[in-house]
Each structure stands twice: as C-alpha cells, then as structure tokens.
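Chemist: Here is how the chains run, residue by residue.
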Amino acid sequence: MKLNVVRTDGSTDTFEVPEYEGMTVLDALMWVREHHDPSLAVRFSCRSANACKECIAVVDGARVYTCTTAAVGEVLVAPLENQPLLHDLAVDQ
Amino acid sequence: MKVLTTDVVVIGAGAAGMYAAAEARRAGADVLLLDKSMVGRGGATIMAQMTVAAALGHAEHDTWQLHLADTLASGRGLTNEPLAALLCHDGPQRILESWQRGVNWAECGDGLDQVKAPGHSRQRCCYVGALQTGAGVVRGLRKELRRQGVVSIDTVLVTELLRDASGAVVGAAGLHVREGEPIVVWAPTVILACGGLTELYARNSASVNMTGDAYHLALGAGAELVDAEMVQFFPIANLAPRLIGLDPIMWDPFRYRLGGRLLNGEGEEFVERYAGVADEGTYSATRDVVTYAIFKEVEEGRGSPAGGAWLDFTGLPKEEIREAFPAAYDRLIDQGVDISQRRVEVAPTAHYTIGGIRVGLDLATSVPGLYAAGEAVGGQHGANRLSGNALTETFVFGARAGQAAAAAAGRRGPVVPDATASAAADSAVHDVEQVRGRNVSSQVFLPALRSRLKRLMWEHVGPFRDAGGLARAGRGLAELTELHAAARVDPRRTFNLEWQEWFELRGMLQVADAVRQAAMARRDSRGAHQRIDHPEEREELLANTVLSRDADTRELIVSWARVERLDVHPDEWSPPEPVPAAQGSRS
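Residue numbers (numbering that gives the first Met the number 0), protein chains in the order written: chain A, 0 to 92; chain B, 0 to 586.
In short, the hints are calculated from the structure, not lab data. Heads up, a few of these hints could be off.
Unchecked claim - Facing chain A, according to a computed beta carbon distance under 7 Å, are these residues of chain B, among others:
hint : residue
1    : 36
2    : 46
3    : 241
4    : 243
5    : 244
6    : 439
7    : 441
8    : 443
9    : 445
10   : 485
11   : 489
12   : 490
13   : 494
14   : 497
Stated by the list, open to error - Derived pair list, reagent style DSSO-like, types lysine-lysine, alpha-carbon separation capped at 30 Å:
hint : chain 1 : residue 1 : chain 2 : residue 2
15   : B       : 115       : B       : 317
16   : B       : 1         : A       : 52
17   : B       : 142       : A       : 52
18   : B       : 453       : A       : 1
19   : A       : 52        : A       : 1
20   : B       : 1         : B       : 142
21   : B       : 295       : B       : 142
22   : B       : 453       : A       : 52
23   : B       : 115       : B       : 295
24   : B       : 115       : B       : 142
Said to hold, decoys possible - Sample of chain B residues lacking proximity to chain A, with all beta carbon distances greater than 10 Å (derived):
hint : residue
25   : 147
26   : 332
27   : 447
28   : 468
29   : 474
30   : 571
Source: prediction; values computed, not measured. Yeah, the Cβ is synthetic: ideal placement off N, Cα and C, and Gly gets one too.
Same shape as in the complex, but just chain A (with noise of 0.2 Å):
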C-alpha cells in the first residue's frame, strides 16, 4: 500500500508499505519508523486496543484514530488542525 505523511515542514512524504490482512494506519506508520525513517514522530501507547486514543489523527480527510483505520491502497495522514502542532503527526493533547 501507499502510505502518505505530512511532515513537521507540511510535505508530504510517500511510502511503500508491505500490505497484510488486517493491517491498520498505525501499524503502517509503525512500520515506516522501523524500516524507513525513525524520526517520524507519532503519538500512541495502546497500540491496538483503541483505549489510549493517542493516536487520533487525520486520515483522507476524516479524523479517525489511526489503529482503527484500515491501511488498504493510498491513505493520507495529516496531523490534527485544530490542535498545537509539535512534530509531524504529534500534537499537544
């Protein structure tokens, strides 16, 4: 799949994600920080269990928490707006 993030700077940078069944967001952007680009700063603790909400975020436009999300063909991953920017997709919550 196609992962696209916005950056701290507002560009976007593309990633080819290994897809697998059931694969969320979160786990994609998990998978970048190990294989591709460690810096890429993203709030979570949870994980999966949708009990933290850390991870809530901007996806094609909608705000969805990341670990609930289906990463499946090309999404986009933007921070929230309305919200303190800190790094990348971390905002002060």
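Using the hints provided, position chain B relative to the given structure of chain A.
Modeler: Showing chain B alone in chain A's frame:
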C-alpha cells in the same frame, strides 16, 4: 532545562501512580505526578477490561482471609504473605473509597455487583460497564486528582534517580519529550509507579510504554528486585483473525461469561489433562497452567493453524453474545467475524510482571526516600498472579505508598542538594543532552532494535526457558547493546521519539538481562517460570531470587531470600497503621 522542587515525585500515572499522588496530597504533601505518556492513558490501567478483586461480600459471604487463601494458593509457595495480606485486607476499603470518589463501579442493589473470576472461590470481582473497568477507574481517579489539586506533567521520561552522599534518593532527572529539554526534580521522596516490562516481549497485551522503567531505575539507585524471572503470560490472547480496535485479551471475559470451549487443533478439549481438574465450564485452571497446556499442544503438533488453540463460541445464539458484549460484538461483526458461526484462534501473550521491586509493608525499598506501587512491586503474587488482583494492588499499594512517602517527606524536609546530588543531576542532564542528534547518519534504527529485542526475549526468555536459550539470549543482548551504541537519534528537540527511545532501549536491555539472570538462577519450574531443562518444582528453591547491582562494578548480583510468611494466623493479623504525615492533614 527545567528544575522543579516538590515533596513527593510519583513516576508513572496509571492507577497506582494516580492513587499514590492523591493520597500523598491528602496527607499534606506537595506532589508532582510524571508520566512519559499521558496521565491515565499510557500505563496498563487504561487497557484493563476485566475485574478487580476485593472481599466486599456484596454478592455472597466473603472475607479478606478467604481472598488471601486464594491468592496464596495461586502463588505456588513463593508469595510474600504479609504483602498479599495487605493487598487483600485493604482491598475492600479502597474499592468503597474509590466508589465514593467517583469510580462508577457496576452496582447491584445497595452494593457493588461482584462476579466470579478464575481462581477465586467467591464472587468477589468488581467491574465497570462492559469491558470498561480500566477506563472507568481512570475517569474516577482523575476526578480525585483534580479535587486534590495534584500537579502533573506528561511526556516526561525519567532516565535516572538522583542520590545524595548518604545514598538516599533526593529526586529524579530525565527528558521532557514534548518540550525537548532535560528536566530535574528535587524531592525527598520518589514513588516508582511505572512498573511492567511486557513491552520486552514480541507478543504482549499491554501498552508500548511498559518498558520496565521502574526496575532499571530501582536497580540503578541501589534497590533490589525480587523474583524478576516471573513474567505472567496470558493464555488466550487473540491470535487470528487479526482484529482491529479490540483488546487482544478480551476473549477471557467472553469465555467466562458465555462459556466458550478451548480446543486443540484436533478439536479436543485438552486443558484438563494438564490442570488435573475440569476446566470447561468452571475455568478453574490458572493462567500458568493454561499457557503451558497450549504451548505443549502446539509443540506436539496439535496446535491450531496459526500456532495456538481454538476458542469456540459457535452454536451460541447471536442475541446472547450481543447482549453480553454489545460494543465488542458489533465491532467483530463490522470486521466480518461472527463468532456464533466461526471459531477464533488464541495463544499466550506477555501480560503482567509478577516480579518487581522489593519493599516492606510501607512500600519503602531498601533505599531511603524510594518507594514503589502497583505492578512495580514484587512478591505479592508469588509465582502466579490471580486474576483481578492487579488493579487491587494499584489502589492498595498506591494509597500506602502515597501516605508513607508524604510522612517521610515531612520528616526529611525539603531537599538541599549536596555535592554528590548536584553532580548526579549535572551528569544526568549532560547524558540527556549528548544523546540528541548522535549518529545521525547511522542506518541503525531504534524501533528496529526494539523489535529485535522483543523477538529475542520471546524466543529465549519467554514462557519456556532452558540454559542454552538463556545463554543465547545473553549473547543476543550483548550484540544489541553494541548496536544501541551505534543507533541513530534525530537532532530535533520537540517531541523527538528517537531521543526518548534511546533511553528506553538502554533501560530495556538492562531489565532484559535482569529477567534473564534471575531465570538462569532459578533451576526449577514453578508457576509462571517454566524451565524445559528443569521441569520439576524443587523444594530447596522454595525461595525468592533477589537481584541487586554491585555498587562498584555495577554488575548484577543474584542471591536468594527466604519467603516471608505471616507470623500469626490471618484472623489475628492486621496491617501496620499508616504513619501520620508530619505536617498534619489537609482537610
């Protein structure tokens, strides 16, 4: 750089830290609550979906002594009995208190609804809503923090505890991730409420923040760990199909409520053969036994296709499942998983850290000024934790630690750092600063090293261990330590995850070696610790492992201690009165 001063620093803001902070504040102390994630959101509590054990006797006759008997039976002889007694004795009072303070426990008549959970002889487990216990506890405790005016700072990773010339803890130093700068806090008492090391394992059911921070901080400051080899593996975490937005361990309450059957790859019930008791319908087999049973079946070629066991709810009416777990059921259906029609696969996952910091009944470590609470504490569960006791310990130990630390802070007075303490702070700050931007062009990535560590631990220091595997783990850890030194860290300041992860991995490597060394020393199998090369329980090893760090060489030292027993019959036992705070109570 930020420098702060307070009476009590609480590190970790899950239920134990929140309870400790609120109690210390009630006792009149100034409190600073730190969390490397967010208050109430990053620890283990928020993910706890199930129940909290306390002998309230609201559903049927119950006493704390009966709760203690169940807790000790589960512990396989290794339980620190006074600590377990404290847990069971104080539990009911804390649950009722938290109810008054705003935790919306499920009610039944005039009291709380109490259900039975595995290993308990009575209906004594309280809960909030449908799978909402942890979230409900956090909501209630946050109200109490606000009422008490507790000051908290999130995204602070503590990298070191600070000590003075006498060896007493006088504060903590670390990295404020959001601000991108070092932070130093001076305080006469520190409570470690950042327990849990499940993130050391490839498969785990807790949050990514459970990197063992409490244990390396305790060892670094001169405190001891007890039974560090005891890591609890939860037997029936979700394995397949992949489920999104659902807690991997939710199958336990499902099974308990609805009666799902646990089957091997050949469709046979098998737990009974290992447990020696009937499990189906009663779920009396403890977690270590079920974990062992599933691993053995897989090893002998009778696993499910993905390498676990089948959990079978087929044949149950959809309406019954939906009525019991409406939110989870709808989410399953949305993902095309109808458990009334298909089986799911389950397998063990790292769930909880049984071993931990060695403390007395005042939750004080052997180091003056240093306390522990919650999962960070070791000994109270022996070799196997009973379901439902984890949140109870956060309340009970959190409250006692908060009270004791507030009293000690009053006695010791504000910190005036001596030369030793000042030098320790300078060194910790320098340490934090020099990591940012190191090896910036290196292709060694910290998230990749963490994954390697987790696979290494799962394979060789997981549910089943032997001398060869533990030795291989030692070589693997040495290799990862070299790679860690060469890892890349981004130069930016604000919310730089790599900066945080460099320190987390340093701590994880130390804690991994602590678990490994304790596992090497315990050459028998008992509860959560299973040695393939020593499958029997050995009478002469009915003792606790104790780990400490040599003050000069900084090497780990493993020794043994006699298990602490109650010196009177439980009916005659009562806990020590909390020491009143020197400044008097804030009303």
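Chemist: With reference to the structure, classify each hint as holding or not holding.
Modeler: Going through the hints against the structure:
1. The restraint placing residue 36 of chain B at the interface with chain A holds, with a minimum CB-CB distance near 5 Å, inside the 7 Å limit.
2. With 7 Å as the threshold, the beta carbon of residue 46 of chain B comes within range of chain A, its nearest partner Cβ sitting at about 5 Å, so the hint holds.
3. Taking 7 Å as the C-beta contact cut-off toward chain A, the hint placing residue 241 of chain B at the interface holds, the least distance being around 3 Å.
4. Taking 7 Å as the C-beta contact cut-off toward chain A, the hint placing residue 243 of chain B at the interface holds, the least distance being around 5 Å.
5. About 4 Å separates the beta-carbon of residue 244 of chain B from the nearest beta-carbon of chain A, less than 7 Å, and the hint is met.
6. At about 9 Å, the closest approach between the beta carbon of residue 439 of chain B and any beta carbon in chain A exceeds 7 Å, and the interface hint on this residue is violated.
7. Against a cut-off of 7 Å between C-beta atoms, the interface hint on residue 441 of chain B is violated, since the closest Cβ of chain A lies about 10 Å away.
8. A hinted interface residue such as residue 443 of chain B counts as satisfied when its beta carbon comes closer than 7 Å to some beta carbon of chain A; here the least separation is about 9 Å, so the hint is violated.
9. Because the smallest distance between the Cβ of residue 445 of chain B and any Cβ of chain A comes to about 6 Å, under 7 Å, the interface hint for this residue holds.
10. Violation of the interface hint for residue 485 of chain B is found here, the shortest Cβ-Cβ separation to chain A being roughly 13 Å, above the 7 Å cut-off.
11. With 7 Å as the threshold, the beta carbon of residue 489 of chain B comes within range of chain A, its nearest partner Cβ sitting at about 4 Å, so the hint holds.
12. Hint status for residue 490 of chain B: violated, given a least beta-carbon distance of 9 Å to chain A, over 7 Å.
13. Taken as an interface hint, residue 494 of chain B checks out: its beta carbon lies about 4 Å from the nearest beta carbon of chain A, inside 7 Å.
14. For residue 497 of chain B, the shortest C-beta to C-beta distance to chain A is roughly 5 Å, which falls under 7 Å, so the interface hint holds.
15. Taking the CA atoms of residue 115 of chain B and residue 317 of chain B, the gap is about 24 Å. The hint holds against a cut of 30 Å.
16. Pair hint residue 1 of chain B plus residue 52 of chain A holds up; C-alpha atoms about 28 Å apart against a cutoff of 30 Å.
17. Of the pairs offered as hints, the one joining residue 142 of chain B and residue 52 of chain A holds, with about 19 Å between alpha carbons and a cut-off of 30 Å not exceeded.
18. At roughly 27 Å between alpha-carbon atoms, residue 453 of chain B and residue 1 of chain A fall within 30 Å of each other, so this suggested pair holds.
19. Between residue 52 of chain A and residue 1 of chain A, the direct Cα distance comes to roughly 24 Å. Compliance with the 30 Å bound is thereby established for this hinted pair.
20. Restraint check: the Cα-Cα separation between residue 1 of chain B and residue 142 of chain B comes to about 28 Å, which is no more than 30 Å; the hinted pair holds.
21. Restraint check for residue 295 of chain B and residue 142 of chain B: not satisfied, since their Cα atoms lie roughly 46 Å apart, outside the 30 Å limit.
22. For the suggested pair residue 453 of chain B and residue 52 of chain A, the alpha carbons sit about 24 Å apart, so the restraint of at most 30 Å is met.
23. Between residue 115 of chain B and residue 295 of chain B the alpha-carbon distance is near 28 Å, which keeps this suggested pair within the 30 Å criterion.
24. The hinted pair formed by residue 115 of chain B and residue 142 of chain B meets the criterion: a straight-line CA distance of about 29 Å does not exceed 30 Å.
25. The non-interface label for residue 147 of chain B is consistent with chain A: the shortest C-beta to C-beta separation is roughly 23 Å, beyond 10 Å.
26. Consistency note on residue 332 of chain B: stated as away from chain A, and its beta-carbon is indeed over 10 Å from all of that chain's, at 15 Å minimum.
27. In this structure residue 447 of chain B is not separated from chain A by more than 10 Å, as the shortest Cβ-Cβ distance comes to only about 5 Å.
28. A cut-off of 10 Å between C-beta atoms confirms that residue 468 of chain B is not in contact with chain A; the least separation is 25 Å.
29. Distance to chain A confirms residue 474 of chain B as a non-interface residue, since its nearest Cβ pair spans about 23 Å, more than 10 Å.
30. Non-interface status of residue 571 of chain B relative to chain A is upheld: no Cβ of that chain comes within 10 Å, the nearest being about 42 Å off.
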